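Q: Sequence:
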Amino acid sequence: MKRFLAVLAATFFGFLSNAQATVPADAWALYRQKFVTAEGRVIDDANGGISHSESQGYGLLLACLAGDRSTFASIFAFTRTELLIRDDGLAAWRWDPKATPRVSDINNASDGDLLIAHALACAGSRWTMPAYTAAARQIARSLAKVALMKRGSDVRLMPAAVGFSEKDRADGPVINPSYWVFEALPVMAQLTGEPVWMQLQASGLKLLDDLAKRKMLAPEWLSIRAEPKPAEGFPAQFGYNAIRIPLYLLRAGLGEKARLAPFRQAWADGTAVIDVRSGKPVEPLADAGYRILAAAMACALDGTPIPEELKTFQPTLYYPSTLHLLSLSMLSERYPQCM
372 MKRFLAVLAA TFFGFLSNAQ ATVPADAWAL YRQKFVTAEG RVIDDANGGI
422 SHSESQGYGL LLACLAGDRS TFASIFAFTR TELLIRDDGL AAWRWDPKAT
472 PRVSDINNAS DGDLLIAHAL ACAGSRWTMP AYTAAARQIA RSLAKVALMK
522 RGSDVRLMPA AVGFSEKDRA DGPVINPSYW VFEALPVMAQ LTGEPVWMQL
572 QASGLKLLDD LAKRKMLAPE WLSIRAEPKP AEGFPAQFGY NAIRIPLYLL
622 RAGLGEKARL APFRQAWADG TAVIDVRSGK PVEPLADAGY RILAAAMACA
672 LDGTPIPEEL KTFQPTLYYP STLHLLSLSM LSERYPQCM
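Sequential numbering of the sequence shown, starting at 372, is according to my numbering.
Wrong hints could be hidden among the right ones.
[Claimed, not checked] With a straight-line cut-off of 25 Å between C-alpha atoms, the simulated SDA-like cross-links for lysine to any residue are:
hint, residue 1, residue 2
1, K538, A623
2, K682, R705
3, K516, S441
[Stated by the list, open to error] Quick list of simulated restraints, FRET-style, between CB atoms:
hint, residue 1, residue 2, range
4, K516, R440, 13 to 21 Å
5, Q636, R451, 38 to 46 Å
6, S524, G419, 39 to 47 Å
Hint data in this document are derived by calculation from the structure and do not stem from the laboratory. Just so it is clear, the structure is predicted and the values come from calculations on it, not from any experiment. We treat Cβ as the ideally placed atom computed from N, Cα and C, and that holds for glycine.
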């Protein structure tokens, strides 16, 4: 296993250190001007102008993929000073400019931690910065202690340090399948030398494959106390969090046709929030940053051309704009024929 991890990591980090920027400079400039402040705060403008570990993680990753070293440094400086303040080395998830204190929820969000660590590893390799790599390793080790839950041969990623376990909820444990940032997991394995990260990847893929066999889309929040089912107290929807899952699979090179089939079928009539029980759309998602998710999947699976209007980036709101850039980066790197 250790030899496998070494080979895998050498391939990944070798690619990063020699890679061209996969986020176009003009697109990144538009994103940076709209969402990244001079102090390095990445603004979620559809959520009251707050920042969070997810937005900081996405900003860091996009800066690395764009080859923008100075902006990366600014975003990380804010992240380190304002969010990486927990005793366990993870990031507080929510920072509100209107609140006192600014950190309005000290709990972590595991996907944000994973994105930050992944982006730091990217930067450490691309720019030969051991300090970034060391910071990524520290977060990965902390996250493994706090959020990786072993159950037999399965390893699950808990959404946060508190709030989702068997002790916290009657239907716990509750997980969020979109928190598996699949491209990051081999990197965490290499950073720490711990095979538990590849076990986490295998468990996440098995979960999605099992849901696909049941012809069920992954809901935002999933109870795994017994047979997986939508968690209590949350809409039983394939919604704004879950729509990232096909993109994460494609970015990681794990987008097998059978695995993606439920998502492709659900979006046959357009990208939308889906009721997982009925399979029917609840809300259309018309933003280009959402529509490119279905278009990228179609091109990757069967060569369906990407509509021309989706190949050009214009920022709208933080979240769809982020997904748009991540999709364009993935297409240029893995599916250049689609562009």
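Q: Run every hint past the structure and note whether it holds.
A: The hints, checked one at a time:
Between the alpha carbons of K538 and A623 the distance comes to roughly 33 Å, so the proposed pair goes past 25 Å and is violated. The straight-line distance between the Cα atoms of K682 and R705 is roughly 15 Å, inside the 25 Å bound, and the hint therefore holds. Only pairs whose Cα atoms come within 25 Å are accepted, and K516 paired with S441 is rejected, the gap being roughly 32 Å. For the pair K516 and R440, the beta carbons lie near 31 Å from each other, so the given range of 13 to 21 Å is not met.
A beta carbon spacing of about 43 Å between Q636 and R451 agrees with the range 38 to 46 Å that was offered as a hint. A hinted range of 39 to 47 Å for the beta carbons of S524 and G419 is consistent with their spacing of about 42 Å.
Hints 1, 3 and 4, counting from the list given before, are not met by this structure.
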